[in-house]
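Visitor: Chain by chain, the residues:
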Amino acid sequence: MTSPRRAVLSICAVAAAVATAATATGCGGAPAHHAAAAPTPTPTTGHGLVGYPSYLPKSTLHYNSDALVVGTAARPALTSQGDPVKVVTPHWSVVAEVTGPEVPGEGLPYQSSFTTCTWTVTLSNATGDVPIAAANFDSTDYRGDVYKPQLVPGQPAPPKILRPGQTVSFELRAGEPVGEGLMRWAPIDGQIVAKWDFVVEND
Amino acid sequence: MSTAALASPAPSHESAAALIAPTGLKPGSIKHVWLIILENKSYDATFTGLNDNSYLWKDLPAQGALLTNYYGTGHSSQDNYLSMVSGQAPSEDVQSDCSTTNNLLNVNSGIETAGGSLKANPNYGQLLSKGGPNAALGKNGCSFPTNVPTLFNQLNAAGLTWKDYDQDLGGEQNYLQDPDTAFQANTVPGREDAACGGPGTTANNPNTDPLDLATPPGGAVTSFTGAQSASSGGTDYIDQYVAKHNPVPWFESLTGQVNAGGTLTPPLNEPAKGGTNCADVVNLDSPASGLVHDLEANTVPAFSWITPDNCSDAHDALCKGNNLSGAFSASGTPNYELGTKYAYDPETIPPKNYTGGLYASDLFLEYYIPLIEQSQAFRDGGLIDITFDEGFAPFTYTGNSFNNEPTSGSGQPANAPTYGKPGTTAPGADSIYGAYDIQNDAAGENLHGHNVGYEPTGPNSTLQTNKAGDQLYPGPGNNAFIDRPPACTSTSPTPTPAGCVSGIVEGGAGSSPGARTDTVTTTAASNVITDPSIVADDTGREVTGTGIPANSFVGAVTDSGPQFPTTNAGPVTTGSFQLVDQAGNPVDLSASGTQKITLSAEGAPGELTAGETVDPLYDATDPTPGGGDTGSVLISPFIRPGTVSGVYYNHYSWLETMEDVFDVAGGNDWAQLNPGAGSVSGGLDGEGHLGYAAQSGLRPFGRDVFTNPGGRY
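Which chain is which? The protein sequence lines are A and B, in order. Residues 1 to 203 (the working numbering) make up the first sequence, in order. Residues 204 to 916 (the working numbering) make up the second sequence, in order.
Isolated chain B, as found in the complex:
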């Protein structure tokens, strides 16, 4: 904790700059930012028409700017949220969404200070994992100590207000309960009662009472890391908030630190207007302090972080609770229930279906974006920013894409990727699977005017190859969408198992799948088999079963959706595949009915055992340096409608942009963090940039984005 008195801004800071380079904006132009963070969709899942999510795909980009090369900085999820607000790089426990014990990644003395600058030390300012580089899950920690500052601390020091609006914080406003009940503040006790919406009870904290997120206690709390539906016992504990998607509670610079004996070391700073940081973490729909309340009352803070719940953020394909589908008229107009005590509380209306994914995120955006756009605050220097944390390959699993191929009339370009067509089953990075899987682990940013396909890894999830060129470590991308060789259990006399890599750290890598049995429906004289479990990367697997001719294989896979189940039991997609012979010719079946088939196990090229087919996702040599291209949409009077930019940006670029437009370097906290690196207001570089937002030459959003810098029409 810094003990020095707050110092004045460093003499080099030009608080009276004519323009904020390279945005082209006058200082103070942007007065209100709303950041809405969605989940797990690649650019081609969201912005090509693949899923017909027309509001985010077409309408919103037409109102502002579409960034076609905006990259997440890691896999999976939580590390992106933390990187966005702190510039800290990923580490394995948060790359696994803290599905382990929430203790500290390290104490303040673990902040790298050697070299004194990023130029001298590429890890300067980063918090080193107490488990060392590439430590296994559970050996790192999820939370940051008090001397790791965040954008929120910077805003505090600059006298600027902020709020963290979280949908379902404290529990969902449940239409199944008494409809005349007033807004319910905390219906799921013990799930997110730790400081600032942190997981667990009020007693849990990373320092003296860390929570094991992998072991929920039951009763009201059935999951800390996923949405939960109604539990048994007649009492509803629907809660689609997940703490991993809220960055605030993971920084003791915001929550403070509970010490032995229960005393609280204060956070790095608190809001200049008074109160605590945690008081500005609120339920999105709170009638007293939520988003719409603040829009109506014109008390909008300078920076609004908005985390939709695990349904409305497109994470869950099938929602466990309300997806807001009931809050719209037949013509698609939002029902704001004006004049009732339920006004602007959409979860009090029963949903019509439980479809999630990009369908649910469109509903969320169609409900709240119009209200933001109609606010005085939006006219007064507003900026709406809709971003995804990371890109997931648009195969139809875990809700990442309803469709794997363009639907008729979607308008998707003819050369748009289609996942699961025959002839594209070659393994490795050159295959359509490999290429797109690797793309979903890609990195990108713009340095010194040049788009580059990398980002700093940081000290905790590094990249390295062995002499054979095999990747040893998962890196920021955590091997998320590929299958890696197994680790060797022994190396003498021969490496065991075959094809293993000595010293490999798998991270999030999958293994080549074993055989799988699916229940399918066949039709006589047809070569199409209906299979609800089939996904695009099953193409090429051998198929065996009653009435299935020998040497038959999975051909083209078609997954389509969404469907609209009226319960939270699904399904939301349908699946089928064409049965083909070894030459790719369709194979007609002779019988109709429901039966079980077996799909062959897969293996690494050159290491196949009898009966195995090639794993199209197998890749030993390509790195996974980032979080994939997600795309991003920004809307503002300072952006000409229909702007498109292909400049490479990522979460570090975003942080730098926020720090610049809010001129956090004009804040009053330049005291050197000790132990630590830099200062709250000065950042690491004296220009107000934290962590890897302080990379030399890193380009924030420029005039390619802010295409109407005068803000007038």
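Looking at chain A on its own, in the form it has when it is part of the complex:
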């Protein structure tokens, strides 16, 4: 499995969600001496900041790496694979997590530029009836091509509805190129509420 990564944006998104005073968190808050700073952080435009590698001891990282990112249709969450997202809709909320992809043949002598990718989706802590469908997930690669992952053949299908108190995990699979990608979830009317950044590596 690739190492989980985290967008720097998620730090400030968390801080904005949980802080009682924007200036106390130090993320996007307006310093007193500056005029009219933006009230919320703007995502960085480059692709160079992708988050901490997972091997660094979390106790040594000086920010709250375990707080939840919140995603809505108005402001979809952007985070790294392996990070949970609290998705909030007008009717329910749920904690969603995507990990992966796992790839066969990692480290073998021959490496293809495309490989079979398998992600694990976990949904829990629902506060209402949450629709589940593989069709509500898609992924994009580094070129912007869109893929529709399917349920892994031979594995039991997840329920169509996740009810409060239940936890469900299922696997999605697609063939994608090596490189960066983005898994997206749009559970209601095609509106994306959460995105997980990942890297397909097989070397």
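Calculated directly from the structure, the hints in this document are not laboratory data. There could be a bad hint or two in this list.
[Unchecked claim] With a Cα cut of at most 30 Å, we get these calculated DSBU-like pairs of lysine-lysine: (1) K322(B) x K58(A); (2) K229(B) x K58(A); (3) K58(A) x K670(B); (4) K234(B) x K58(A); (5) K555(B) x K322(B).
Chain B: place on chain A using the hints.
Guide: Chain B only, in chain A's frame:
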């Protein structure tokens, strides 16, 4: 200047080696190195909890490797920066941070070529000072001519990119100015406008218009060698950049040479991607070309040299400008001001205090290290290297340590050194002072698998004793933390002054101090005197003053900090000492109040005059061969978190490591330097190693450091 056409790599170079010995890494594994160079802290000041600088002391070593025996190669400061990138040994003018005129140490013909190899001639490839060995300050020079190559030249020849990121280059981003002003590129004209961030104006150069760094012109420029705060006249010229901590401008192999008539002889080479070497010397916080810009845009060069300013590098105990303390939330989270035009420009936020030292360096690291670690470039074969130039004894002076003894709860080992306890006032190398002072002038490297306590001195700062065993010359360590005998003014009929050594060159040695008057506060019925000027090596001095009983002495000294002054007027430490009698018993005072006391003059053992006490730092016989143990921290996917190595390394080992991991010997410039020694890509040994990085058997960072050579988790 070499006139031969560029040649192919020498046949002996194995560019397709299976592994880079002894690192254990596959060639090309390390793709991005960030070297952050801090200032003037011994290992025990930084890595034992003495100053509670928890990020660098605990967090960062837990992420990677701690080298417990990493040594600077000289005193003070500037010679270390130059040695790191060139393998050239120290000489007195740069050992004094070029506090003199910046002219050339010598011309190209001064490069030692006799013998043809380091094995035949231990000074092969070194630039001989035009003033001769051990010449006095001002008789040497600070800059190197065109045919002395550097690591940067090697990277150019290998087609690899590099950048030199310097905090405050051109002036500090001053929050006191209009907060809506865009990034200001050059707010202090004439201070570092010479080539590649060199000191002075655009006209200054070492060859035709050398700058006298000891005589700043005033106005915008009040110091070339130290940080400067706001000047008078309502205009702010805060600038904590100092050129002595940037290696690039001191090599004409990078800047080129201005000749008579103003023509420029080109540098040895330029970046393979185009442009000039000086174009890759940038302000750390430049929104167009600085560190965070490059991390975000994923345009990180192969090698990033990062020089924090004289505050953020821990040099100044009390900062003259911004220490970044305002750029953190109450919980300690960096405030990157995302979404504003001030994003990633921490100096635009007013500081909360002006505390420097290891407090300020922790702030700097806590701001920038997370960004490096979260970059794609770090994942892609990254290596972060946090190193000090040299080790300074952790006495509380000039910001080298806030504390001289462990603070409660610091976690420092029980047997950790404490500076200033009674019973440890014996002079010489065996005393706690002498031992630790000498340790701070120590050298270390690993040759042929063996840790050794020496390094090559080079031709310009040598070591030699007289028949009596007295050290005559300062050596690479420049006698930095000890007091030497005085030089003789006459030797007949008797040596004068008493205890003098004929022919001694003092270098950076101190003299036994004279009497000192301190303003102190006493408390009735207490034996503790508050004295802001007291330091650990004052222990044992006799104390006289109103209400001070006869035969009273300075006992245990306690210096503690940091404090957090809200202006740049200090103080950052508090000091006190216990008053004791000649047997070491505490002496209670009878009155409270503020008064002046006098501490006795000190002298050499066996040469004391009436009223003098023994100078604990006096040492006539021990050499000062290096820059002291500083420790070093490296973080990389190729290093298992929590790695600790006690192998002896120094700046020459570091240079060799960089040359190996970047395979500079695979570069395309093997033309013999003429006049000169070796070649850019081949170095002195045909393996790509410059200067004393080419020592036979010198061990670069090995598998004791790169403990996860596969780079996978």
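Visitor: All hints are to be evaluated individually against the structure, with a verdict given for each.
Guide: To see whether the hints hold, each was checked on the structure:
{"no.": "1", "hint": "K322(B) x K58(A)", "result": "49 Å, violated"}
{"no.": "2", "hint": "K229(B) x K58(A)", "result": "28 Å, holds"}
{"no.": "3", "hint": "K58(A) x K670(B)", "result": "59 Å, violated"}
{"no.": "4", "hint": "K234(B) x K58(A)", "result": "25 Å, holds"}
{"no.": "5", "hint": "K555(B) x K322(B)", "result": "55 Å, violated"}
Of the numbered hints listed earlier, those contradicted by the structure are 1, 3 and 5.
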